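Participant: Listed below are the residues making up each chain.
Protein chains: 2
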Amino acid sequence: MPSLSVFVDVPLAQKLEGSLLKTYKQDNYPNKMFLAYKVCMTSEGQPWVSSVVSKIRLQIAQDPSLDYEYTPVMGMESFIQASLKLLFGKHSQVIVENRAGGVHTVGDSGAFQLGAQFLKTWHRDSQIVYIISSQKEPHGLIFQDMGFTVSEYIFWDAEQLCLDPSVLLNVVEQAPHGCVFVIGNISNCKLTQSQWTKLTALMKSKQIFPFFDISYQGLSTSDLEEDTRFLDYFVSQDLEFFCSQSLSKNFGIYDEGVGILVVVALNNQLLLRVLSQLMNFARALWLNPPTTGARIITSILCNPALQEEWKQSLEGIIENIMLIKEKVKEKLRLLGTPGSWDHITEQKGSHSYLGLNSKQVEYLVKKKHVYIPKNGRINFTCINPCNIDYITQSINEAVCFTKP
Amino acid sequence: MPSLSVFVDVPLAQKLEGSLLKTYKQDNYPNKMFLAYKVCMTSEGQPWVSSVVSKIRLQIAQDPSLDYEYTPVMGMESFIQASLKLLFGKHSQVIVENRAGGVHTVGDSGAFQLGAQFLKTWHRDSQIVYIISSQKEPHGLIFQDMGFTVSEYIFWDAEQLCLDPSVLLNVVEQAPHGCVFVIGNISNCKLTQSQWTKLTALMKSKQIFPFFDISYQGLSTSDLEEDTRFLDYFVSQDLEFFCSQSLSKNFGIYDEGVGILVVVALNNQLLLRVLSQLMNFARALWLNPPTTGARIITSILCNPALQEEWKQSLEGIIENIMLIKEKVKEKLRLLGTPGSWDHITEQKGSHSYLGLNSKQVEYLVKKKHVYIPKNGRINFTCINPCNIDYITQSINEAVCFTKP
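Line by line, the protein sequences give chains X and F.
Take the first sequence: its letter number 207 is residue 207 in full-length UniProt numbering, and every next letter is one higher.
Take the second sequence: its letter number 114 is residue 114 in full-length UniProt numbering, and every next letter is one higher.
This is chain X alone, in the form it adopts within the complex (with noise of 0.2 Å):
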């Protein structure tokens, strides 16, 4: 008789996620194009590196004096401390009075999934997650197979084509008291010194706890201090938080996890206290970060002249995003496309808004093999001199083809 097994009832599961890059993958026309690569692509297509990781990279793997024993389940502390001093500033308030910490974890995703696992134990009044469309894969998710309640919100407004401060503003005045608040990249929407006032009085006043997800920072203007400094005004008003800080994208280091789940509490003592909880949480989910990825950013990070070669690359990548956005739509001027095309050189950093509506990604899709998100949001660092003309051509098809 043949054994039955173990796993009879385990049915295939569903793909989460990538469905976009799968149809990409399974289409056998020439000239298909993706444009939603979630990392920045040099002109020749590739996943960007700074050069300066290259030459750490080799530096290291030369080093008789390093030794690759076990790192303790916090991380490295190194690592810690000089990604923190990144993200806040060496003088800022929670770095001086000893009240931010972090515990480093496998990638960002480690980072929410650490998080998600605290907010579980630890934050029984509201168990609802709020998070940008964009993140609900893979980050809501995993709030959501938590047993969280997760609701998403947008604050692109595609009939103004542009990221309305007052959209999110009116989303915090609607969610729940004591609601999860994940806030990505929110330096692109231009608050008011006022709008950032009422936002932070806003979650205070109705216990909701602030959630970042920081993956750019230098990517959205190549200014590092510029792209976080919106985290002061939570800081100051007293805000406790977490902070998932992932340094995959801006140093172009993709397949080692580089992730710290940031604290920031009210004071030494409970963020030690938090850091031990988390700390059991962490050995339960991998016991021991990864290092190759760690040791590379915090040599360049404690390197004055490293970390300034890795500013000029952030520079140069940041400048040449700019141009790109500049072509196409000048390009897009050129070929009359009908409407303003101002919305994509007004949005910051690689992935931006196109502006387009639902049935115009779809033609793009269908009609064009030029692969984007239903939103419409696309990596411009995909766009090169190869395929650019093909994409602002197929862009003006799609508009001029598909009037409402």
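These aren't lab readings, by the way, just hints derived from the structure by calculation.
Quick caveat: nothing in here was measured; it's all calculated off a predicted structure.
Possibly wrong hints are sitting among the right ones.
In this list, chains with the same sequence are indistinguishable; a pair is considered to hold if it fits within one copy or across any two.
[Claimed, not checked] Okay, derived cross-link-like pairs now, DMTMM-like style, lysine to aspartate or glutamate, Cα gap no bigger than 25 Å in a straight line: (1) 120 - 145; (2) 32 - 69; (3) 311 - 69; (4) 55 - 67; (5) 120 - 137; (6) 55 - 69.
Since the structure of chain X is already known, use the hints to place chain F on it.
Facilitator: Just chain F now, kept in the frame of chain X:
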């Protein structure tokens, strides 16, 4: 009014493990010794690294053709395939029939976390886990935190001073139907052919699910095939199982989380269903596992000359372990320490029972500052020419001065 902390109810977490190491570190006695490190140590008291690893590390850093893109959620496919062949042998039934697969995990803790999450969801009929005492921390705690009932077992017979297969068989006989049975370095416990048959038949009839914990392949006998040959008994009985395969200790890559959760199912279709579910858990845990260690190991395993070099380094370490054990036994004999110490050399691998009772262990720790676990199972590679005299004299004292 000062703000009220979100974290006000969060207590300082209790430390779950490492208390012996912590006490050791706090001890100011100059001649203190720690004999419970998890990894093989060199005679200079440093964690052992296979010489071929350093060479490949450098080669990889110099390779301009490598990109450092995100790995798939499953991890590095070439690493998984090479590791499966190492574990089962190229011509194993499960490889040929395409019913063994794996997910690349962040070390063995990651493999247990992933496996436990799967079993929590898909093995609902029994949530009882049996685990050998020495692995209660950290692997048993992963199951416990997830709500499993965890029972410890031990097959060291403190009277007969040997690993007793009949103890193991008794435990399995008494274990409840359908439980999960975590099995560590069982090759050390010399089962006869008929005992193996009895063990696997028992497990099959009671639908006990084996979860192997293999982190020492090549470090038990230096014969890679010999160390995992017992898996064949389970395969030939058509038992399905999980296996945490960790390659940290046998390559000397401790800080990179090189693990695999291996799945053996009755056929390829079942395997793919299980892997698809595991992939969704892995996506939430860390999304992409780290690659540095996996890349080094794959380079070695896929190159016969490098694999030979690695095997030779394993032979070197095993010879050294046998030499240390012989010397310890000889020194105890010369000191006239009561009792036979043959059990030291009869056990294989770095970690073996000294065969001391709890009073003797306490004497060693408290009076002689020689830190060894309560069960008296020490890492013999922590003993070297500099400390062997002090250690054997201390054991002699402990035995002579603590008569029952």
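Participant: Would you mind marking each hint as holding or not holding in the structure?
Facilitator: How the hints compare with the structure:
In this assembly of identical chains, the alpha carbons of residue 120 and residue 145 lie at most 25 Å apart whether taken from the same copy (11 Å) or from different copies (13 Å). For a Cα distance limit of 25 Å, the shortest separation of residue 32 from residue 69 across copies, 21 Å, qualifies, whereas the shortest one inside one copy, 46 Å, does not. When the C-alpha separation of residue 311 and residue 69 is checked against a cutoff of 25 Å, the pair qualifies only between copies, where the shortest distance is 21 Å, while the shortest distance within a copy is 31 Å. For the identical chains of this complex, residue 55 and residue 67 are neighbours both inside a copy (20 Å) and across copies (14 Å), given an alpha-carbon limit of 25 Å.
Proximity of residue 120 to residue 137 under the C-alpha cut-off of 25 Å is found in both arrangements, the shortest distances being 19 Å within a copy and 23 Å between copies. With identical chains, the CA atoms of residue 55 and residue 69 are at most 25 Å apart both within one copy (23 Å) and between copies (17 Å).
The structure meets every hint from the earlier list without exception.
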